[in-house]
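Asker: Going line by line, the protein sequences match chains A, B, C and D.
Residue numbers for the first sequence follow this note's numbering, beginning at 1 and rising by one.
Residue numbers for the second sequence follow this note's numbering, beginning at 1001 and rising by one.
Residue numbers for the third sequence follow this note's numbering, beginning at 2001 and rising by one.
Residue numbers for the fourth sequence follow this note's numbering, beginning at 3001 and rising by one.
What the hints contain is simulated information worked out from the structure, not anything from laboratory work.
Just so it is clear, the structure is predicted and the values come from calculations on it, not from any experiment.
Keep in mind that the hints are not guaranteed to be accurate.
[To be verified] Pairs of lysine to aspartate or glutamate, DMTMM-like flavour, derived with a Cα cap of 25 Å:
#1 C:K2404 with D:E3020
#2 D:K3168 with A:D69
#3 B:K1143 with C:E2032
#4 D:K3113 with A:D161
#5 D:K3178 with A:E142
#6 D:K3171 with A:D165
[What the hints assert, rightly or not] Only part of the chain C face toward chain D is listed, based on derived beta-carbon distances under 10 Å:
#7 V2139
#8 T2140
#9 R2459
#10 D2476
Just so you know, even glycine gets a beta-carbon here, dropped at the ideal spot from N, CA and C.
Here is how the chains run, residue by residue.
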Amino acid sequence: MKIGFYPGCSLTGSSREYKESILAISEKAGIELVEISDWNCCGATAAHNLNKELSVSLPARNLALAESDGIEELVVPCAACYNRLVMTQHELNEDEKLKSQIAEKLQMPLKNKLKILNVLQYLEEYFVPRLDELIKKPFEEEVACYYGCLLVRPNQVIKADRWEDPMSMDVIMQKLGAKPIDWAFKTECCGAGFSMSKTEIVGELSGKIVRNAVNQGAKAIVVACPMCHSNLDMRRPAINSYLKTKIEVPVMYITQAIALAMGMSEKEAGLQRHFVPVSFSVNC
Amino acid sequence: MSEFEPKIVAFVCNWCTYAGADLTGTSRIKYAQNVKIIRFPCTGRIDFMLLLKAFAEGADGIIVSGCHPNDCHYTSGNFHARRRWITFRSLLDFLGIDVRRIQFSWVSAAEGAKWAEIANTTVNNIRELGPYTDYAKVAVHLKKEAKV
Amino acid sequence: MSRIGVFICHCGENISATVDVVKVAEEAGKHEGVAYSTDYKYMCSEPGQTIIKQMIKEKGLTGVVVAACSPRMHEPTFRKACSEAGLNPYMCEMANLREHCSWVHDKSDATTKKAIDLVRMLVEKVKFNKPLYPIKVPVTKTALVIGGGIAGIQASLDIANSGHKVVLIEKDPSIGGHMSQLSETFPTLDCSQCILTPRMVEVAQHPNITLMTYSELEKLDGFIGNFKATIRKKAKSIDEKLCTGCGLCTTKCPTKKIPSEFNAGLGFRTAIYVPFPQAVPNKPVIDKENCRYYQQGKCKVCEKVCPTGAIRFNQEDELIEIEVGAVVVATGFNVMEPSEFPEYGYGKYKDVITGLQFERLASASGPTLGEIRRPSDGKIPKKIVFIACAGSRDPAKGIPYCSKICCMYTAKHAMLYQHKVHDGKSYIFYMDIRAGGKNYEEFTRRAIVEDEVNYIRGRVSKVYEENGKLIVKGVDTLLNARPVEIEADMVVLASAAVANPGSEELAQRMHISYDAYNFFSEAHPKLKPVETNTAGIFLAGACQAPKDIPETVSQASGAAAKVAILFSQDELSREPVVAVVNRSAPPVYSTCVGCFMCATACPYQAIGEELITDRKGNVIKKVAKVNPGLCQGCGTCVAFCRSKSIDIQGYSNEQMYTEVMALLNDE
Amino acid sequence: METKNILIEVKRQTGVNIRECYQCGKCTAGCPVAEEMDLRPSVIMRMIQSGTNEEMDQILRSYTIWLCLTCETCYSRCPMDIDIPKVMDYLRQRSLVEGKVHPEARKIVAFHKSFLNTVKRNGRLSELFLTIDYKMRSLRSGTLFQDMTVAPGMISRGKLHLIPEQIKDKKGFSRLFKNQLKKRKP
């Protein structure tokens, strides 16, 4: 089975373990993820903060490339890229004139009918029905499933189920054997694009998230977004200085959790690339 | 030759537009004499054969006006009228009648000024379109045939 | 041969100033079939009317055209005059020379010509007018009241006290409605049950009232004065005559953990239950869905303990048909679904409750006997946050309207809390305080000033739990939109008042209209607030829109007065402007082909079937038949009819075509 | 520009009708960075509603518009479905064009600019180049050594590539950055 794949820039750099783990579990499940040829950056927050047109044309180029590759379904693991691609698709469908202008500029046809999947939707569709056969070692930990902003908002466009209290990741984790905790910060913002420019704000926002997760008994935080991961993991010093305590709860991608449950080694899952060490995986 | 004075028949509903035209009167808002009103219980009552009859009798233009959607005194009569009008409209071309000769509108009992405005615009529009005699001619012809 | 009289009115100078009335009368006089024509300064005055009456007699007129003001003004006047002179009133028509001619045009020949045209049009119409007679329908002097809340109770008592019979049906096991759930009522803080229960008892004992609880309207046919209602009397599984209401069965029932509807889910009840101690009737019903015997086939504890042997497991729903002359709909309202508030954690956190649940906590008959305690651990909350407009005025949640009662009951809740928990702190997040009733503003001021309730202007964005506290994230928009975070022990949502589930189907069953939010629509928002678009059906209370108790009671009494007015007549007479299907001699019988397009078009279900049979009773033909009692005379069926078999009296095809021809044929 | 024109302009550029706002404050109540803002989201809505040119100027010079994280919480919870983040995008772009960026926000703008610059050059983002470009831009803000502790960790974990990934169709890609479309009229 072949499905289109848009990794986005972070997955080739700071969150390469996310890419490695999603490719690894897909391969083991017999799914080939085919990268869109010659894809480019989606523009992320920068483009839509500074330049309205680029915020649409950058993602649109990827949509057009995917179409010309003959892709019908596209997996976008990065939540930010997913959000930008879906929003662009929505905006172009709302505005035929803009669509034709952008297509002209791209010098590529643009039907704009692609089915875009985020990682949770991808797992739900292609893994959940087969988890029983795929799981070798149940992942038995109390986890806080953290969705962040971009997988669920704006609900007017994204139309996620239960956007205030999403459950899809919790359901997957539960099926892996984990005990997802009930907590209140599932969709709070981690500070996202301010990782570098306003690190102290990231420390505060991410700090509140980590604190609530730990208070509610989480042994690990599971994420599905590279920005959430780097803010919660890499920016842990800023978090600790905001909370005035040292918090050691690890942060991992849901695909890593699945990889471990499927019997892969810590290294195969890419746990060694984290700043906050993941210690418990050894005993599972 | 004097200016062409179109004959315009207005088919209106008793509850909204008829009362609206009454309000035009009580507010003393002037409009052209060409428009003459026939009272119906509801636009739902208006059979479009009546419109054709009016053309055959020499009308140059027609206004059909009733209650705004959802305001019908009888709940749904104006919706039936609207649906019938949509069908009838697509037939007009086939019948050889310029669709601009029929003005379909909603005027409530509170819209006296709107009634005057619709009456005047219709008169101006029909004046531009010129007299309409095709159906009248056919009618005369048919009457003659019937006598023979 | 027609002998028409034409009477042109000057209306003082209103008409004669712009229309040459003398000429109009003169021209009319020349018209074929006109026997007499004249003009007069004030046709509607006594002498004016006398001229008409005299001429009808003198000239033997068969029809009259009065050219004056709008028929919407004086048609009844002139029709009455004709009738007094012995002419059928429906042989009189009016040409609208004032509103549609003299007032809207300047003085000119064209204006006079238009007047002549209008008069000619109606003269030709009158030639085809037929004598019509008002339709008489008998009145069944029993009213059906649907819903046993305060609205239904008030309407029933008022109708019954005016000497008429009432059948009151209630879907729940007891009457009382939401009012019986309330603790104290604003703005007087008098106990709700104390003022309500005597009325409930009065309903049960009134000789003119038949009370049917656990019953719903299944079907409503007929028309004003002559409705036929089918009522489903749901099986209570007890013999009400034998049951004494001793309550032994309810104490012994083993299924005890069913959330109590009366306590808004905060307490429990058994499977055989009386909803609350003051219930009327005070006899239990078995809730089949939760009863062990009905679900698993074993138990029957209630049957064993019942001292009078009143339990009837094999009882079935009964369908009862009754004839009534009027219907009062008083089905009330509901509060918004909890699932609509994910950001406030309703349904997730036990201590986030609705206003209705708070009423039960504050009520002496409630699950905590009137002490304010948290549902989660029974502790007394030291800090309560009330969130107003939870759902109301929130188009994103589908409710753009104001629920009207929340500002007041939230103030009351905070007040009751402050009275009961002296060291407690209460906060109300609000957008506006709407206290527009008698003594209402004084009441909310008292809450703020005397009872020290903290009002914060702003909405709450999120409520979440951390370390056993509910963190309320709100804002104070009066302080430069400063974010406010309160660690509360309990959060009360003033959740929006919404239409009852199923109200849409009920409205369709009764053929009354409802608005975009499924509240029932009144016939006119100002002048017919208790009538519906269907004659004989009236509205009372919050089924029409959210209302407080005083307003509900007023409207219920208003509806009762309307019913009493209706029942003061033995027969109703209606305008004979109704549709008729033609009938002719055999072998055709009628040109109707029985396609029933007319029935599809009719908004009143006024068109039924008629079977034409021969002497042996064999059906020869099926044709449409109009029920003149239901027909309102819109004429939509006429335009729909393919074979021109249905026609409407007063606006017949003959008349309308003639009008068109006469208007355009100016010789 | 008078009140009416400001509202019309915002509507034209974003499709958002600020008149819908009835000042319930739910946007501000839920905003994760409201505490830090000089003008809260609901206040900005009110200023646009009732504002004069002076008030618009104040908005464009505010720190708030750059602090907005576009987390979309306000929009998702707004009872009137007002797309505030979209309005913020518009305000930021206008602030940039009119040269009214708040001094405190220069770091943020510098970061976004560096980001787009790196993307423009390579088609994809290189985190190392982004960091370098950003440090150069924000030299004066004293961020030069701020992330020095992180970079080595990233390199040792294989997270920082020294050679940036590049796309092939550079010519086609660069077209996107040229001849920006004229402001669209709805």
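Asker: With reference to the structure, classify each hint as holding or not holding.
Answerer: Hint check results:
no.: 1; hint: C:K2404 with D:E3020; in the structure: holds (21 Å)
no.: 2; hint: D:K3168 with A:D69; in the structure: holds (15 Å)
no.: 3; hint: B:K1143 with C:E2032; in the structure: holds (21 Å)
no.: 4; hint: D:K3113 with A:D161; in the structure: violated (35 Å)
no.: 5; hint: D:K3178 with A:E142; in the structure: violated (51 Å)
no.: 6; hint: D:K3171 with A:D165; in the structure: violated (45 Å)
no.: 7; hint: V2139; in the structure: violated (49 Å)
no.: 8; hint: T2140; in the structure: violated (48 Å)
no.: 9; hint: R2459; in the structure: holds (4 Å)
no.: 10; hint: D2476; in the structure: holds (8 Å)
In summary, the structure is inconsistent with hints 4, 5, 6, 7 and 8 from the numbered list given earlier, while agreeing with the others.
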